[in-house]
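Number of protein chains: 2
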Amino acid sequence: MNLQTYLATRAADVDAAMDKFLPKAKERPSTIHTAMRYCIFSGGKRLRPVLCLAAADACGGEISNALAPACAVELMHTYSLVHDDLPAMDDDDLRRGRPTCHRVYGEGMAILCGDALLTEAFIVLVQTPATKRYGAREFITELARTGGSRKLIGGQVMDLEGEGKSLTKRELVRIHSAKTAALLTTSLRLGAMAANATPAKLAALTAFGSHLGLAYQIIDDILDVTQTTEVLGKTAGKDHQAEKSTYPASLGLARSRKVAAELTRAALDALKPLGKKAIRLQEIATHLLVRDY
Amino acid sequence: MNLQTYLATRAADVDAAMDKFLPKAKERPSTIHTAMRYCIFSGGKRLRPVLCLAAADACGGEISNALAPACAVELMHTYSLVHDDLPAMDDDDLRRGRPTCHRVYGEGMAILCGDALLTEAFIVLVQTPATKRYGAREFITELARTGGSRKLIGGQVMDLEGEGKSLTKRELVRIHSAKTAALLTTSLRLGAMAANATPAKLAALTAFGSHLGLAYQIIDDILDVTQTTEVLGKTAGKDHQAEKSTYPASLGLARSRKVAAELTRAALDALKPLGKKAIRLQEIATHLLVRDY
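Those sequence lines, one after another, are chains A and B. For any residue, its number in this note's numbering is found by taking its place in the first sequence, counting from 1, and adding 761. For any residue, its number in this note's numbering is found by taking its place in the second sequence, counting from 1, and adding 761.
A couple of the hints might just be wrong.
Copies of the same chain look alike in the list, so a pair counts if it works inside one copy or between any two.
Distance condition first, Cα-Cα at most 27 Å in a straight line; then the derived DSS-like pairs of lysine-lysine [stated by the list, open to error]:
id: 1; residue 1: K999; residue 2: K787
id: 2; residue 1: K787; residue 2: K930
id: 3; residue 1: K806; residue 2: K1019
id: 4; residue 1: K806; residue 2: K1037
id: 5; residue 1: K930; residue 2: K781
id: 6; residue 1: K930; residue 2: K785
id: 7; residue 1: K1038; residue 2: K893
id: 8; residue 1: K1019; residue 2: K926
id: 9; residue 1: K787; residue 2: K926
id: 10; residue 1: K926; residue 2: K1033
id: 11; residue 1: K999; residue 2: K806
id: 12; residue 1: K1037; residue 2: K893
No wet-lab data here; the hints were simulated from the structure.
Let's have the full structure, built from the sequences with the hints guiding it.
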């Protein structure tokens, strides 16, 4: 199976599981359930859940045991997009090629929809089968701490507060780590934990995730400059418009690409303890570096 | 110890525990942590956490084992207030006698602050010591389902969608159950679970909570009509202004008071299986019926 087929197959696994986990659209009150499904079934790349499943695979686990954490990290990611897109934050009209949640359902409903997706992440995650090493307590702690005010939310706060300011490289790395790398890393870790991974394998995936996450964010910021809104499915050129400090803004495109390539190499190095089983993770990391959307 | 002293003592227990659980205000990014503490340490009545502790007490458990769920339900409640007060929802300037979160920190930060309080609820709850009957899986399932799109959030959706419409008594009970009674009941249940309560005791507290929750909401709606903004610490007369269907609006004050008294009696009846140990819960239910703020 080539990588594109693998990614499509795993994304389809996630979509099928998500459809089972989420309340049906007609369930009352149907507005919120329709809105939740609109945001979730929107043709996203499913990067985080696929990383979760690939990590479970790399640790010798069953994919079926990692579907709950895979859906949970996607729910967490989607809620953060819905809230970040709100007029009071990044004020965006377009996401994944379609009107943002608040443009379709109104601002109040979009706030509630994000809240519901966030809460649903925990409803779903707690259904992960316990392994010898890890249970509900470890799964929930992992996701909640990553989603909290010190990581994901803290990253968005620093991002908003950094607009119009010139940030140091260190501050930029801090924001990217909190906003992006943390949830990518947690996606991998939860997949590994669902596969009862040894602490050594968990540590390897943690290192992989933190390098990959930074590389991913740098590429994302490069694409914001070089690509069109049509290709991205979200408004291009937003960072420049919001006067955000980014790698391409401070280092230029060529040097930013070089840093992303170095980080990807470091990520691949970190995978070594996992051996051949990590082939899909290697392929995904390499693919993300050269992606164009 | 009389009831007022008991309530004050338990509220102080909750505040001390909350201070330990929450990130310090100066921890980076400090804006979000300052905002979280502004919302939490605002002189609220701490009804839900006190019910949680009193339920643990009534089931023969240690208060110290119920502090994590007590703080978790207060975090969940506070997040819902912060988001409900936003301009896109109930648009309120005053809460617990002080400016609402978005009035102080801006709308974007208030959305993120609510998100962080919600996430923190799970960070804290998962720290509850497991008992023979209940562990992280049961605790998280209980709170997440109550906070989700079918209960707490669903209730707020139905409430928003019901504005300007005349609702049936059945619809009204459905909204009150989802918006208010569910979290009161979960507060009691989590306290009982932290005390390793038998299924019979848990069922008794569930019945108590659902009656008490409806009574509480009816009294709340009565006070919205009869009290001043000063006494309430939140804008009085909001329901009438937003054309919300409420018990006092549809049945009048006198009949609404009668219904609240009947529900309180049913709540007290439900406590019988707990015997004398439930004395504080009895006192609280009776006190809530005659409260004036």
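Since the copies are identical, ignore which copy is meant and state whether K926 and K1033 lie within 27 Å (CA to CA) inside a copy, between copies, both or neither.
Neither: 39 Å inside a chain and 63 Å across chains, both beyond 27 Å.
Should K787 paired with K926 be assigned to within, between, both, or neither, using CA atoms and 27 Å as the limit?
Close across copies (21 Å), not inside one copy (46 Å); limit 27 Å.
At most 27 Å between CA atoms: does that hold for K999 and K787 within a copy, between copies, both, or neither?
This pair counts as neither: shortest intra-copy Cα distance 36 Å, inter-copy 31 Å.
Same-copy or cross-copy closeness of K930 to K781 [CA-CA at most 27 Å]
neither (43 Å within a copy, 33 Å between copies)
With 27 Å as the alpha-carbon cut-off, assign the pair K787 and K930 to within, between, both or neither.
between (48 Å within a copy, 22 Å between copies)
Since the copies are identical, ignore which copy is meant and state whether K1037 and K893 lie within 27 Å (CA to CA) inside a copy, between copies, both or neither.
Result: close within a single copy only, 24 Å intra versus 42 Å inter.
Within, between, both or neither, where K1019 and K926 count as close if Cα-Cα is 27 Å or less:
within (24 Å within a copy, 60 Å between copies)
Up to 27 Å between alpha-carbons, please classify K1038 paired with K893: within, between, both or neither.
within (21 Å within a copy, 39 Å between copies)
When Cα atoms must be at most 27 Å apart, do K930 and K785 count as within-copy, between-copy, both, or neither?
Between copies only: 26 Å across, 45 Å inside.
When no copy is specified for K999 and K806, does a C-alpha distance of 27 Å or less occur within a copy, between copies, both, or neither?
The answer is within: 20 Å in one copy meets 27 Å, while 44 Å across copies does not.
Within, between, both or neither, where K806 and K1019 count as close if Cα-Cα is 27 Å or less
within (24 Å within a copy, 56 Å between copies)
Within a copy, between copies, both or neither: which one fits K806 and K1037 at a CA-CA cutoff of 27 Å?
within (25 Å within a copy, 58 Å between copies)
Of the numbered hints listed earlier, those contradicted by the structure are 1, 5 and 10.
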